[in-house]
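Participant: Listed below are the residues making up each chain.
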Amino acid sequence: MLELILEQRYYMISIILFAIGFVTLFLHPNLIKKIIGLNLMDTSIFLFLAAMGYVGGGQAPIIEEGSSWTMYINPVPGGLVLTGIVVAVSTTALFLSLTHRLYRKYHSLNLDVILMLAKKGQEDT
Amino acid sequence: MKTTQNNNSLFRRILQWASESEKESADAPEDPERQEFQEYLEYIDAHDYIEFGAYRYMRYQQRKELGLDEPTFHHHIEPSIPQKKQNVKKSHHKQGLLRKQLGWYRIASVFITCVIILILCLVVMELPKFGDLNAPALNEVAQRYLQQGREETGAVNAITGMILEYRAFDTFGESVVLFAAAISTLLLLRTPNQPLKQRKAGDEILTMVSKYLLPMIILFGCYVVLYGHISPGGGFSGGAILGAALILASLVLGAGEVERVLTSKRVTYITVFSLLTYAAMKSYSFYTGANHVGWAIPKGEAGHLFSGGFLLPLNLCVGLIVACTMYTFYTLFIPTEEE
Amino acid sequence: MIGLELLLLIFLVFCAIATVLCKRLVSAIIIFMAYSAVMSLIWFLLQSPDLAITEAAVGAGMTSLLFFLTLQRINQLKGLEQDEDNTKQ
Amino acid sequence: MGLVYNIPLFSILLVVVSGVCIPLFRNGRHVIRFIQIVQCMVGVGSLFLMVELSTLNESFTYQLGHVPAPWGNELRAGPLEGLFAFVFSLVMVLTFSGSREDLIADIKPHRLGNYCLLMQLLYGALLAMIYTDDLFTAYVFVEVAAVTACVVVSAKESGRSIVSAIRYLMFNCLGSGLFLLGIAILYALTGHLLFSSLQQAVEQYLLSGSSKLPLIVSALLMTLGLSIKSAQFPFHAWLPDAHASATTTSSAILSGLLLKGYLIILMKLMVRVFGPFVMVSSYLCDLLLLLGLAGMLFASVAALRQEEVKRMIAYSSSAQISYIFLSLGLGSQLGLLAACFQIIVHALTKSMIFLGAGAMINGVHGHYWGQLRGAARKVPVGGIAFTVGGLSLCGIPLLAGFSSKYCIALAALDSDWQMAPALFGLAASSVLNAMYYIPAILVIWGRTKPNQEEEWNPISIGWEQKLALGFLLFCNLYLGMRFGLVRNLIEQGINLLGSFG
Chain H
1 MLELILEQRY
11 YMISIILFAI
21 GFVTLFLHPN
31 LIKKIIGLNL
41 MDTSIFLFLA
51 AMGYVGGGQA
61 PIIEEGSSWT
71 MYINPVPGGL
81 VLTGIVVAVS
91 TTALFLSLTH
101 RLYRKYHSLN
111 LDVILMLAKK
121 GQEDT
Chain W
1 MKTTQNNNSL
11 FRRILQWASE
21 SEKESADAPE
31 DPERQEFQEY
41 LEYIDAHDYI
51 EFGAYRYMRY
61 QQRKELGLDE
71 PTFHHHIEPS
81 IPQKKQNVKK
91 SHHKQGLLRK
101 QLGWYRIASV
111 FITCVIILIL
121 CLVVMELPKF
131 GDLNAPALNE
141 VAQRYLQQGR
151 EETGAVNAIT
161 GMILEYRAFD
171 TFGESVVLFA
181 AAISTLLLLR
191 TPNQPLKQRK
201 AGDEILTMVS
211 KYLLPMIILF
221 GCYVVLYGHI
231 SPGGGFSGGA
241 ILGAALILAS
251 LVLGAGEVER
261 VLTSKRVTYI
271 TVFSLLTYAA
281 MKSYSFYTGA
291 NHVGWAIPKG
301 EAGHLFSGGF
311 LLPLNLCVGL
321 IVACTMYTFY
331 TLFIPTEEE
Chain S
1 MIGLELLLLI
11 FLVFCAIATV
21 LCKRLVSAII
31 IFMAYSAVMS
41 LIWFLLQSPD
51 LAITEAAVGA
61 GMTSLLFFLT
71 LQRINQLKGL
81 EQDEDNTKQ
Chain C
1 MGLVYNIPLF
11 SILLVVVSGV
21 CIPLFRNGRH
31 VIRFIQIVQC
41 MVGVGSLFLM
51 VELSTLNESF
61 TYQLGHVPAP
71 WGNELRAGPL
81 EGLFAFVFSL
91 VMVLTFSGSR
101 EDLIADIKPH
111 RLGNYCLLMQ
121 LLYGALLAMI
131 YTDDLFTAYV
141 FVEVAAVTAC
151 VVVSAKESGR
161 SIVSAIRYLM
171 FNCLGSGLFL
181 LGIAILYALT
191 GHLLFSSLQQ
201 AVEQYLLSGS
211 SKLPLIVSAL
221 LMTLGLSIKS
231 AQFPFHAWLP
241 DAHASATTTS
251 SAILSGLLLK
261 GYLIILMKLM
271 VRVFGPFVMV
281 SSYLCDLLLL
291 LGLAGMLFAS
301 VAALRQEEVK
311 RMIAYSSSAQ
321 ISYIFLSLGL
331 GSQLGLLAAC
341 FQIIVHALTK
351 SMIFLGAGAM
361 INGVHGHYWG
371 QLRGAARKVP
381 VGGIAFTVGG
391 LSLCGIPLLA
401 GFSSKYCIAL
411 AALDSDWQMA
421 PALFGLAASS
431 VLNAMYYIPA
441 ILVIWGRTKP
451 NQEEEWNPIS
461 IGWEQKLALG
471 FLLFCNLYLG
481 MRFGLVRNLI
491 EQGINLLGSF
501 G
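Heads up: the sequence lines are chains H, W, S and C, in that order. Each step along the first sequence adds one to the number in this note's numbering, with nothing skipped, and position 16 is 16. Each step along the second sequence adds one to the number in this note's numbering, with nothing skipped, and position 14 is 14. Each step along the third sequence adds one to the number in this note's numbering, with nothing skipped, and position 83 is 83. Each step along the fourth sequence adds one to the number in this note's numbering, with nothing skipped, and position 237 is 237.
Just so you know, the hints here were simulated from the structure itself, not pulled from any lab data. Where is the CB? At the ideal position from N, CA and C, for every residue including glycine. There's no promise every hint is true.
When the alpha-carbon atoms are kept at most 25 Å apart in a straight line, the in silico DSS-like pairs for lysine-lysine are as follows [claimed, not checked]:
#: 1; chain 1: W; residue 1: Lys129; chain 2: C; residue 2: Lys378
#: 2; chain 1: H; residue 1: Lys105; chain 2: C; residue 2: Lys212
#: 3; chain 1: C; residue 1: Lys156; chain 2: W; residue 2: Lys265
#: 4; chain 1: C; residue 1: Lys108; chain 2: C; residue 2: Lys156
#: 5; chain 1: C; residue 1: Lys156; chain 2: H; residue 2: Lys119
#: 6; chain 1: S; residue 1: Lys23; chain 2: H; residue 2: Lys105
#: 7; chain 1: H; residue 1: Lys120; chain 2: H; residue 2: Lys105
#: 8; chain 1: C; residue 1: Lys378; chain 2: H; residue 2: Lys105
#: 9; chain 1: W; residue 1: Lys64; chain 2: C; residue 2: Lys378
#: 10; chain 1: C; residue 1: Lys156; chain 2: C; residue 2: Lys466
#: 11; chain 1: C; residue 1: Lys156; chain 2: C; residue 2: Lys212
#: 12; chain 1: C; residue 1: Lys108; chain 2: W; residue 2: Lys265
Okay, the calculated beta carbon distance ranges per label pair [as the list claims (entries may be wrong)]:
#: 13; chain 1: W; residue 1: Thr277; chain 2: C; residue 2: Glu157; range: 31 to 41 Å
#: 14; chain 1: W; residue 1: Lys211; chain 2: H; residue 2: Lys120; range: 24 to 34 Å
#: 15; chain 1: W; residue 1: Phe111; chain 2: H; residue 2: Leu4; range: 18 to 28 Å
#: 16; chain 1: C; residue 1: Leu213; chain 2: W; residue 2: Cys114; range: 16 to 26 Å
#: 17; chain 1: W; residue 1: Ile270; chain 2: C; residue 2: Leu410; range: 55 to 65 Å
#: 18; chain 1: C; residue 1: Ile459; chain 2: W; residue 2: Cys114; range: 55 to 65 Å
Under 10 Å between C-beta atoms, here's a sample of chain C residues computed to sit facing chain W [said to hold, decoys possible]:
#: 19; residue: Ala128
#: 20; residue: Asp134
#: 21; residue: Gly191
#: 22; residue: Trp417
#: 23; residue: Ala420
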């Protein structure tokens, strides 16, 4: 059992990180923490993918002339992760700009308080 | 919105906000329709559990016609209690509520974390081993990328060859995400006719160091972009480095030097034209590939700078898009003076 | 080699927990930066230099910069030097 | 290969490129016309594609680039995809026509161009979701849709719309995280991302009987992620705010089209990747059925309590989405057919209701029931659209909602133990629908002052809006009375998509 865990260490760590990030994004009331949680979640999945692409004893996929293909790691997860990183940074920027707009309006970073204030404001108009 | 009061506790702010709104409604001119609407809202408060939605509104109308005024309307306003005391009470109540919620959050977070970890642990145990040479992921797809990628795409770096040639449609979508995010932040954060920000330059040591550092960073970024199909790197990483260089330049030179050259309009134009060029090149190769027309681009000799067909200009386009987007994010997030 | 990997991975989890539980937002973001840097190191160990470069530039550099700028703007709005976050405690 | 086969790729490219070109324009109003022209072109192209493929009775895969499928990306199109693309284009064009005045009033002129840009990118992403045959392409375009939709929600710039946008973004991120993890696990197991190759690999796993748990968990994760994004019942918390606070165009398109885009991906996953065996043996179908049933009832009950017209419609959307989940959960070919039919009917009906409600809100400047009293007398066209749409969702015969309910009931009658709960849910939710739509209709047609005659003085609205609403009305009546044609088309499309159940 312990050996198996040690062997799958990358996967184990990445799901622990995924759980932490997911829960932070879902339940932490502070918006900045939520965004950090989002990044934790995304990077954990990238770690999972990158670990999956690794082949024991393989090299980075910079192909040399006339070499066997078994020398290299799997390039597919790498490409997926590259795409994913860019998507993650776009979402983060969008999230942060929305956070900033909200702070300018309600002077709080706590989503519960913001929701409360927004509800009040809605009845007022 | 001035918030320079001494006690900036959250509840104080809520309190202030609430009292302000009360004042507003008291000062507002008497508007019969508005008053009627207010009455209706009070009716809603009082009868939340009896009737629903539009139906409730109809009942309310009926009752009013019949003159059945509800005496329970004002049950929640006790005029004998002084305003201040009431407010304090209210805030205590709110605080308690928040505290309770916070406690609930902690328990729920720990619980959900444990559940997710448990389920996924079981899954992970059954997955192929880490670093396994016979993993199912290492199938004919990866084999072809590694084995024939060099001839088919002319790229030495298999990852660049894959994302810009084999799976180019995904990469196109990804550039679109980036562009959409840039436009979104533009839509959310920019106010029109914003004056050029006048910031003071960074301190001397930083300026001196970065004067030597900056050309090197730019050179490195250009290298990573241009040699993306030969060595590790490519449009995304190189673009991010170039964007960082632009940001550093704008920080160090100060006083909007960089902004004057790269106005937001020009940055948007560069992004748009890069994206259009990318789309044009890729639609050419999609079209010719799918219809088997031929007209393939000469691949050149793998390992040289000018090789790999469209890879070099594609990398350049992606690099420009990423660098411009990063710079746009920065200019929009930098604090402005009106605040 | 496995020892180093394990050390880095455990450090990663430690960073993640610390950045979530940390009260000061500025410190949380600095810890997040460290997390990204370690992550890019791990990807370098996994033989993916492309990912490592990108993560170092985007994750540790760009994302953290955006966080800092947002915090700076928020602090400026508040007119105070102290951190937000503690108000709900 | 004829030129027809290039339509899917070039409709996506045309839409995205036309969106990207928008910053080069100066005048925001011209932009609306421009994107409408592009949408019309895509709509005509999709119609042509649909007719051509339907007469040939074939579907095809379109290889993107010089390398064939498992190595490169691929698009897939059949009559069903053509039909979806056509309906989506139609709804886009009509929504933009029908809410043009709202749009110009709600959004500041210097932002109008960028708003249209994001809408166009959203539309491109929807088309890509319809045509895609690759899991990762689906993920990327789901993200495009997520980013653009959030900003589209917040474009009105009231505090409340930004709060709802941030909640929307949060749920979207949760959903995409789960979806991506599901993709990662599935990739680790099979090493493929293409639907057809994935199907073969999954079949092999099922034959050998190993690694069943990861397979089920990945299917579960993807289903959960997509149902969070499509606002299925326990995850619908973000929906009402997002739809109520956005401008009419945004709410009509988000509610009518975007939620369906995710469901189309879910359907493709069910049919083309996991197949009936995984879905049924792992109780995933039952989960979908249960979610659908719960959603139908709870969302309808929640809709009863709403004081704002748009919030009520948003909850009703959530209930209607549940119908689709229910029919997918029946796990049969007929269920799929009912789901597709419901997608089309709901896209057309919901956008009509939103446009009608938007016109009335504009007419009386208020969105509570108390303020909407007699609104239909002021804006008769909007009132008629709202009324017909509401009655259609209640299941009045001769309207579109009835025929979709009929299809779902047929599918339910064909199933075994699911029959009783599905029929019960259908009946109960129809009654609940009637309980909130009929009082609403009575309120909007009521008199402003009781016991008092007043003259009939409707506010004049533009011909474009009238035309759009009229066309949607026509579609609704057509689908209600003569749905055989559409139904046959869907059946043909599903048979070409793959066998299920």
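Participant: Indicate, hint by hint, whether the structure satisfies it.
Facilitator: A quick look at each hint next to the structure:
For the given pair, lysine 129 of chain W sits about 69 Å from lysine 378 of chain C by alpha-carbon distance, which is inconsistent with the 25 Å threshold. Pair hint lysine 105 of chain H plus lysine 212 of chain C does not hold up; C-alpha atoms about 50 Å apart against a cutoff of 25 Å. Restraint check for lysine 156 of chain C and lysine 265 of chain W: the C-alpha separation of about 23 Å stays at or below 25 Å, so the hint holds. Only pairs whose Cα atoms come within 25 Å are accepted, and lysine 108 of chain C paired with lysine 156 of chain C is accepted, the gap being roughly 9 Å.
A C-alpha spacing of about 17 Å is found between lysine 156 of chain C and lysine 119 of chain H, which places the hinted pair at or below 25 Å, so the restraint holds. For the given pair, lysine 23 of chain S sits about 23 Å from lysine 105 of chain H by alpha-carbon distance, which is consistent with the 25 Å threshold. For a cut-off of 25 Å, the pair hint linking lysine 120 of chain H to lysine 105 of chain H stands: about 13 Å separates their Cα positions. Among the hinted pairs, lysine 378 of chain C with lysine 105 of chain H is inconsistent with the structure: their alpha-carbon atoms are about 35 Å apart, more than 25 Å.
Among the hinted pairs, lysine 64 of chain W with lysine 378 of chain C is consistent with the structure: their alpha-carbon atoms are about 24 Å apart, no more than 25 Å. Of the supplied pair hints, the one linking lysine 156 of chain C and lysine 466 of chain C holds, its CA atoms being roughly 24 Å apart against a limit of 25 Å. For the suggested pair lysine 156 of chain C and lysine 212 of chain C, the alpha carbons sit about 48 Å apart, so the restraint of at most 25 Å is broken. Proximity of lysine 108 of chain C to lysine 265 of chain W is assessed by CA-CA distance (about 19 Å); at most 25 Å being required, the pair is judged to hold.
Judged by the Cβ atoms, the range 31 to 41 Å given for threonine 277 of chain W and glutamate 157 of chain C holds: they are separated by roughly 34 Å. Separation of lysine 211 of chain W from lysine 120 of chain H is about 53 Å and departs from the stated range, judged on CB atoms against 24 to 34 Å. Between phenylalanine 111 of chain W and leucine 4 of chain H, the C-beta spacing of about 26 Å keeps the proposed range 18 to 28 Å intact. About 18 Å separates the C-beta atoms of leucine 213 of chain C and cysteine 114 of chain W, a value consistent with the hinted range of 16 to 26 Å.
Range check, isoleucine 270 of chain W to leucine 410 of chain C: Cβ separation about 56 Å, and the 55 to 65 Å hint holds. The hinted range of 55 to 65 Å is satisfied by isoleucine 459 of chain C and cysteine 114 of chain W, whose Cβ atoms lie roughly 59 Å apart. Interface hint status for alanine 128 of chain C: upheld, as the beta-carbon distance to the closest one in chain W is roughly 7 Å, under 10 Å. With a least beta-carbon distance of about 8 Å to chain W, the hint placing aspartate 134 of chain C at the interface is held under the 10 Å criterion.
Given hint, glycine 191 of chain C at the interface with chain W, holds; its Cβ is 4 Å from that chain's nearest Cβ, closer than 10 Å. At a threshold of 10 Å, the smallest CB-CB gap from tryptophan 417 of chain C to chain W is about 28 Å, leaving the interface hint violated. The beta carbon of alanine 420 of chain C comes no nearer than 28 Å to any beta carbon in chain W, farther than 10 Å, and the hint placing it at the interface is violated.
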